[in-house]
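Protein chains in written order, with this note's numbering: chain W, 1 to 343; chain B, 1 to 363; chain R, 1 to 73.
None of these hints come from the bench; they were simulated from the model. Treat the hints with caution; some may be incorrect.
[Unchecked claim] Over the 12 Å line for every Cβ pair with chain W, so calculated as not near, a few chain R residues: (1) Asp35; (2) Pro38; (3) Met68.
[What the hints assert, rightly or not] Result set (DSSO-like, lysine-lysine): computed pairs, CA atoms no more than 27 Å apart in a straight line: (4) B:Lys129 - B:Lys289; (5) B:Lys260 - R:Lys37; (6) B:Lys155 - B:Lys285; (7) R:Lys52 - B:Lys201; (8) B:Lys2 - R:Lys54; (9) B:Lys18 - W:Lys253; (10) B:Lys201 - B:Lys233; (11) B:Lys129 - W:Lys139; (12) W:Lys109 - W:Lys135; (13) W:Lys304 - B:Lys2; (14) R:Lys37 - B:Lys2; (15) W:Lys192 - B:Lys155; (16) W:Lys167 - W:Lys315.
Ideal Cβ placement from N, Cα and C applies to all residues, glycine included.
Chain by chain, the residues run as shown.
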Amino acid sequence: MHFINTEGMDEFITLNHGSGGRLTGELIREMFATRFGMNEPFTDSAIANIKGREMAFTTDSYVIEPIFFPGGNIGKLAVCGTVNDLAVAGAIPLYLTASFIIEEGFPVKDLITIVESMAQEAKNAGVKIVAGDTKVVEKGKCDKIFITTTGAGVIRDGCSHIGTAVKVKPGDRLIINGPVGNHSIAVMGARKQLSFTSQVVSDCASLNHLINRVLDTRCEVHFMRDLTRGGLATVLNELSAMTGMGVEVEEDKIPVDEPVKGLCEMMGFDPLYLANEGKVLIVVPPEECDKVMAAIRSEPSGEKAEVIGIITGNKNKMVIVKTLTGGTRILDMHSGIQLPRIC
Amino acid sequence: MKYIDEYRDIRLIRALEKTIRREAIGSYIFMEVCGGHTAAIHRFGIPSLLPPNVTLLSGPGCPVCVTPVSTIDRTIELASQKDVIITSFGDLIRVPGSVSSLEKEKAHGADVRIVFSALEALEIARASKGKKVIFLGIGFETTAPGTAAAIIKAKESGIRNFFVLSAHKIMPPAMEAIICDGTEINGFICPGHVSTITGSKGFRFISEKYNLGCVISGFEPVDIMMSVLMLIKQVNNHKFLTEIQYSRAVTVEGNLKAQKIMDEVFTLASNEWRGLGTIERSGLKINDKYSAHDAEKVFSLKGLSENLRENTSCLCGEVLRGRKRPTDCRLFAGVCTPDNPVGACMVSAEGACNAFYKYRRNG
Amino acid sequence: MCLSLPAKVIEVNGDMADVSVGGTIFKAGLQLLDDVKPGDYVLLHAGFAIQKIKEDEAREILGLLEEMEEQAD
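With the rest of the complex left out, here is chain W:
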C-alpha cells in the first residue's frame, strides 16, 4: 500500500506507475479512488442514473509517442479509445469532448491531420464531438500534443451489469475479437529507436458497431472490457480479481500475428502483456458462444475472433495459461515495465 499515507510511500512517480499494470492499479486505488470516494469495481465507464436513465461517462488522456504511427495517430486513438470505453460498458456512445494541450511550435499541418482524423473517426463511430478546450504551452513544456477526452452514452436496456462482471459464472467462455499486441509493435516500430522495422499496423479501431452486433443478438453477455495498456493479461487478472474466480486460457488459441510473435520472441516480450487499441474481451455463457462468435466474425474488426478460455470454478483468483506443451503457467499482473507512452 504505497499511497494511502506517507509511511512507506514511494517518493516519486515512475514510468511504471503509468503502464497499466499492477502499479497503475495501486496508484488509482490508493491515491485517487480513496480520496475521491470512488468505489470498486472500477469499470471503463462510470454509470449514473439520471432521472431514471442509465448513462455512462468516461474520460481518458492520450500522450502517445510518436503521435503518428502505422494505423493511426493520436487523434484517431483518442476517439476510438473513448468510444470503446463506453461501448464495453454496454452503452451507446453519443457525445465526446476533446481538450488539447499543444506545444508552442507544433505544425498546423499536423494539427489539421489529427483533427480531421478525429472528425472522420467520430463520423464512422456515429458520435458527435460537442465540446472541448485548447491550451498552448511554451516549447518544451509538453511533448508536441496531449489530448484528453470525455465521453457520454446511454446504457442499453439490460446491459448495466456488463462492466461489473457480477453475472460471470464458472463455465463462461472467453472470446477475443482478434490478434493481440499489434498496437504496441506498431508504435515501437514507429519510434525508430530500436533496430527493427516492422510492417505491423496498429489495431486502433472503434468497436461500438461490433459490440452492438453482439448485444443485438440478445444473447446474455456477462462481461466486456477493452484491452489497452497492460494487454490481455491485465484484463484477465482484473476479471479474476473482480469475480473471485479462476481464469484459464489456452496459449495456442490466443491469436497473435506472426510478425508480432517474432518480435516478441526476439525482444523477450510476452504478447499477452502488450497494448491494444481495437480489442475487446467478451465473456458469455457456453450455450451463447456460437451465436456470439458468429456476430463478432461478421464485423471486419472481428474476423479473426477466437474462443480463448474459460472461467473455472477455482476460487484461487488466478489466471492460468495452458502452454503449447501441455504444461501450465501463471499469468500474473505485470509490474509494468513494458513501454511508456503507448497510448
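Go by the hints and put chains B and R onto chain W.
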C-alpha cells in the same frame, strides 16, 4: 517460424516424453547454466513433462543475476557524472544496487537509455558528440564478441566518446567452481548460444576432467527434451562425452572469427560473481590497446564498499549455485517479487526466481 | 536481455545486414561472421549475427526425432 516451430512440434515432445520415461531407470540431476535455458524450461513447463526421478537445477547462467552489486553501484556513480549517457540492456535497469538502481536514477533525471545492441549505443555516441556514452557490457561469450566488435568499430571510426564498462564473464570457470563446490550433479545441459561462439571444445573439460555428462542444447522444448534424453543415456552407459544436440548452430571449433575479436579486445581477469565469490580468469577486461574506450580507466570511480546492503535473507547466491530452490528463500513471492525485487534472480527474465514466480508459483 | 533467434538474411550492406524474424526486419551487425549472403539463416543476438544455421544439421536432427517418434509407441 522456421527453425522454431519444428522444435515445438507436440508430437515430438510427446514422443520424447515417452522415451525419457522409458530410459530413466536411475536417478538424475542435471544443471543448466544458461539464462535462456532457465526461461525456456519454465516457460514450456519442461519439469512437468519429466518423470520425478529426473531433476533439473538452475545454475549461474543468468548474466544479470551474477552481476555483483558493485557493478550496479559503479554504473550509478557514472550516471551521476556530467554529460554522461548510460546505455544498457533492459534487464539491468531494475537490478537493485546497494542504495539505488538505474531505473530510480533515471526517474531522478539521469540519462539512462535501454539499448538492444552495443552498436545502438555506438550510434548514440556518434549522434551525441558533446556527451560521453557508456555502455554497460553484461553477458557471457554470446554477447562479449558484439561488445568487442563495437569497441573496435569505435576506435576505427574515431568515435572517441564511446566507452564500455565491461562486466562480461565467461562460463567454464563458473561451471568448474560449481563442480568443485560439491553440488551433486550428474551432468550439464550446456549453454547453446555461448557454444556457438566457443565451440563444444570449450566444454570438453566437463566430461574429460570431471566425468560428468555434457550436452550442448538448443532452446526449444524439443531441443531441451532431446538433450535431457542424451544426458540420461550418457549416465546409463557411464560414457561421458561432450555432445552437441544443437548441431544446427554449434560446432566443435565454434566461431573462430568471434573468438579472435574477443582476444583482440579482452584479456581474462579474476572477477566477482554474485553467489560464487571471486573466480580466477573468469572476467573479460578491456586490454590496453583499447583503454581509451575503457570506462574503468577513463573515469575515476570512487566506488562504494562491496555488498554494502545485500539483504542477508536473500538466497540468490545459494540459488545460483543450485544449492537452494527459489521456494526455499523466505523472501520469495512475499517481500521479493518481480515488482519489488530484492535480489537479481528475481529481476531478470532469465533468473531462476523470476521464472519460478511466473510459471511455477503454485506447483 | 535479448535472446538469440534464427533470422533470415534479406539484404547485406557492408558490415550490416537486414534480417527477418517472422516478417519483422532487424538490423544485424556482420562483424562476427564471414560470407553472409541473402537467403542464409543466422542466429541474431543483441544486434549481431553470431553464427550461421546449418539446414542439413537441422534436417538430420529432425529426421532422428521423427524416427524416434515412430518407435516411441
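Hint by hint, here is what the structure shows:
no.: 1; hint: Asp35; result: holds, 22 Å
no.: 2; hint: Pro38; result: holds, 16 Å
no.: 3; hint: Met68; result: holds, 17 Å
no.: 4; hint: B:Lys129 - B:Lys289; result: holds, 23 Å
no.: 5; hint: B:Lys260 - R:Lys37; result: holds, 22 Å
no.: 6; hint: B:Lys155 - B:Lys285; result: holds, 17 Å
no.: 7; hint: R:Lys52 - B:Lys201; result: holds, 18 Å
no.: 8; hint: B:Lys2 - R:Lys54; result: holds, 12 Å
no.: 9; hint: B:Lys18 - W:Lys253; result: holds, 26 Å
no.: 10; hint: B:Lys201 - B:Lys233; result: holds, 21 Å
no.: 11; hint: B:Lys129 - W:Lys139; result: holds, 24 Å
no.: 12; hint: W:Lys109 - W:Lys135; result: holds, 18 Å
no.: 13; hint: W:Lys304 - B:Lys2; result: holds, 23 Å
no.: 14; hint: R:Lys37 - B:Lys2; result: holds, 17 Å
no.: 15; hint: W:Lys192 - B:Lys155; result: holds, 26 Å
no.: 16; hint: W:Lys167 - W:Lys315; result: holds, 16 Å
In the structure shown, no violation is registered for any of the earlier numbered hints.
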